[in-house]
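Novice: Given next are the chains, with one letter for each unit.
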Amino acid sequence: MRILTLAGRRLAASIPTVLLILIGIFLLLQFAPGDTVDAMMAQMGGGDAATARELRKFYGLDLSVAAQLGNYLWRLVRFDLGFSSIYGKPVAAVIAERLPVTILLMTASLSFAFFFGLVLGVIAARGVNKWPDTVISTLGLIFYATPSFWFGLMAIVVFSIYLQWLPPGGFEDITTAKTGIWRTLDIAHHLVLPTLTLGFIFLAIYLRIMRASMLEVLNLDFVRTARAKGLDETGVVVRHVLRNAMLPMVTLIGLQAGTMLGGSVVVESVFSLPGLGRLAYESVIQRDLNTLLGIVFISALLVVAVNFLVDLLYARLDPRITSGV
Amino acid sequence: MSSHRFDMTRRAALMTSAAIAANVAFPQRSFAQETPRKGGVFTVHYGAEQRQLNPSLQASTGVYIIGGKIQEALVDLDANGQPVGVLAESWESSADGKTITFKLRQGVTWHDGKPFTSADVAFTAMEMWKKILNYGSTLQLFLTAVDTPDPHTAVFRYERPMPLSLLLRALPDLGYISAKHIYETGDIRANPANLAPVGTGPFKFVQYERGQHIIAERNPNYWRPNAPYLDRIIWRVVTDRAAASAQVEAGQIHYSPFSGLTISDSARLAKDKRYIVSTKGNEGNPRTNTVEFNFRRKELADIRVRQAIAHALNIPFFIENFLGDFAKLGVGPIPSVSRDFFPSDNGPQYAYDKARAAKLLDEAGYKAGAGGERFSLRLLPAPWGEDISLFATFIQQSLSEVGIKVEIVRNDGGGFLKQVYDEHAFDLASGWHQYRNDPAVSTTVWYRSGQPKGAPWTNQWGWTDPVIDTIIDNAATEVDPGKRKALYGDFVRRANAELPIWTPIEQLFLTVISARARNHSNTPRWGSSTWHDLWLAE
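Those protein sequences? They're chains B and Z, same order as listed. Here numbering that gives the first Met the number 0 is used: the first residue of the first sequence is 0, the next is one more, and so on. Here numbering that gives the first Met the number 0 is used: the first residue of the second sequence is 0, the next is one more, and so on.
Keep in mind the hints are simulated off the structure, nothing from the lab. Honestly, I wouldn't trust all of these hints.
Here are the simulated lysine to any residue pairs, SDA-like style, with alpha carbons at most 20 angstroms apart [stated by the list, open to error]: (1) Lys88(B) x Gly185(Z); (2) Lys129(B) x Thr145(B); (3) Lys102(Z) x Lys130(Z); (4) Lys270(Z) x Val156(B); (5) Lys452(Z) x Val156(B); (6) Lys358(Z) x Asp421(Z); (7) Lys130(Z) x Asp77(Z); (8) Lys177(B) x Arg74(B); (9) Lys88(B) x Lys272(Z); (10) Lys272(Z) x Val156(B); (11) Lys56(B) x Asp421(Z); (12) Lys88(B) x Ala192(Z); (13) Lys484(Z) x Phe341(Z).
Chain B with its partners taken away, still in its complex shape (with noise of 0.2 angstroms):
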């Protein structure tokens, strides 16, 4: 198939990249003041310089930078992310505890914000100038205009503190153990708040860019001619127009992988969850080297993953793309 050849050709492109990005991260973070084992004395609270020439002996941190930096890609060629300092296990280990928290949030917020990004942006475009669309468009700019933390925490104030129908933080309830449904359900229960939280920004990009692209797609003179041949208004817009008008919107689920992941920071912090994003504020804080890598690599891979299902759902969409036109 032609497209996975298109898709293998960016898989391969984007190798290069990676690791540009990881060099690029690894010499950034020397610059930083202080390693991991100065962070680690920072939160004992004393220790002398003896056992910090030993613990920086342990983790190999008296080597060149160029020695560690060669240490840590080669490693990587063998699929070795390496070994955590703050948790004392590999990295590969440390991420996929965490990695799937963040992917629940994510998929449940990218959902979120693409479905009723849609629905609210074909709403607005058919009735242009009118009050939904009015209401629609100012409520997307409240959204878009809104700290997430802020958001988050106005969230937690208004449904966990007075009204008390969702639990304010964590990623599920650990004072009772729960299994199969039950714990399905508890979980999507705490999961509610940090998914709209997360979400609303993306809405309010979703529903204005799916407006505008409707209006556009509305002029067409394909949509003129399915209207002369007597197609009812409804059929229109779904056969039509939603197919044509989808395609700036896949695009934006590609690039916003990505900014996600930077988003869930703060939400992960507001919503104390267990994901990717705060593991690697952490691993920032505490010099966590390994770590921090091993985050940037698996994040690219995931960037990459989303972009590639992108194009293959372009090319469901607009088989023009696949056969070169």
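Once you've looked at the hints, dock chain Z against the given chain B.
Specialist: Positioned in the frame of chain B, the structure of chain Z alone reads:
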């Protein structure tokens, strides 16, 4: 300037709440008539995760708050701040102070069922305290051996006299015991039990989910009769302070220790009947705010400049407007809550006097140039608490009024320690000094010369004073408690006169706890203690 004023008035309004004053004054409401209830889950706010949880390997409140429920120390402090036996039942010192004998509690078992013996004490002291534990390695520097004549006697042998009172005051923090049979093989630092501690304490470790929670449950074979009361303790990892106070309000967290919430949130919760906000139970962990001077700067090597800086800061104003009832004027390196060592005379004090500051700077030869500026300094505030950050800004603004321009350089924890204590890349630094019940444990190292470069929280100012070095060395090996106290009085007066570091503010950590909790805050290091008698009312 106007926004700055606004900020201060807003804070002033928050801090003057009568509720706080009431709670600080009467933190323990009377529950004498109640009978303790068995059962319940107590949830605790855990702000920063640790790399390991074994208190025999790391002395910090972050570890004690979890590890201190699972593992136990030889001694703890009672309600009056006096040493009381935990795993040790009694102790005595030889006349020369070189041999200290502990009689250990009998019938105590580890959580895995093995008996606790003197072999565990000897192993922990020699392999962990002396080699790995921060501050432990300094405290036990002259420990040569621990003899175990029988399973319930441990004899500590020292090369130089070890004051019994020093050891007993240090051991609540630096005296946690680990099981020999778990640690004797392999690298101690890499032992999996560091993250799944095994102890003799009232609670058994159950689970540690990184980034989420740590769980411990009741130890059914605990040696104290009828203890503990709680079924479980859950520590919830919440790194964001605002999120933590939301979880407290939503009832998901019962206890936020060691000033874990912001000052304004604590003040707000103090007005709510469901919580008790107080400094009680933290008398064993007092801290002072510090101003550290780098003597490598020629201006700061001049005592008149250091005195001028101290006189230029209006500390009572700062405390009143920014820290509220939680802090008071600091008078020296030994905080006033230290019943054993706080001297009756602290020596010179530096009251706010801008004119005097200007005069001292003139005398030192730093006359105001064009625009009123004399010279400029780099100030590095430690990132541990919001008070340090506020204080840095306050120092900057106050010193600009006497012609010293201050540039604030902010770092995270690792960066701060590296720059101040290893690279000496600071002119002024500001952080906390935490006092550990005896000045020899972690206070005198801030003043004793000859500290190796790279050792955090030690004398890295480039300051040497043979007089103070002698006082410190004599006091550390003086076995007579009265003479020791007198020597530390000399130490405080000398430190205040020479001013290598200034300790202008004294603070206690703030506790926010559910009003349902009983028997809490009843010892001076309660947050770190075992919680064997803590219970939750319905």
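Novice: For each hint, tell me whether it holds in the structure or not.
Specialist: Do the hints match the structure? See the list:
no.	hint	in the structure
1	Lys88(B) x Gly185(Z)	holds (16 angstroms)
2	Lys129(B) x Thr145(B)	violated (25 angstroms)
3	Lys102(Z) x Lys130(Z)	violated (24 angstroms)
4	Lys270(Z) x Val156(B)	holds (17 angstroms)
5	Lys452(Z) x Val156(B)	violated (48 angstroms)
6	Lys358(Z) x Asp421(Z)	violated (34 angstroms)
7	Lys130(Z) x Asp77(Z)	violated (29 angstroms)
8	Lys177(B) x Arg74(B)	violated (40 angstroms)
9	Lys88(B) x Lys272(Z)	violated (44 angstroms)
10	Lys272(Z) x Val156(B)	holds (18 angstroms)
11	Lys56(B) x Asp421(Z)	holds (17 angstroms)
12	Lys88(B) x Ala192(Z)	holds (13 angstroms)
13	Lys484(Z) x Phe341(Z)	holds (8 angstroms)
Checked against the numbered hints given earlier, the structure breaks hints 2, 3, 5, 6, 7, 8 and 9 and satisfies all the rest.
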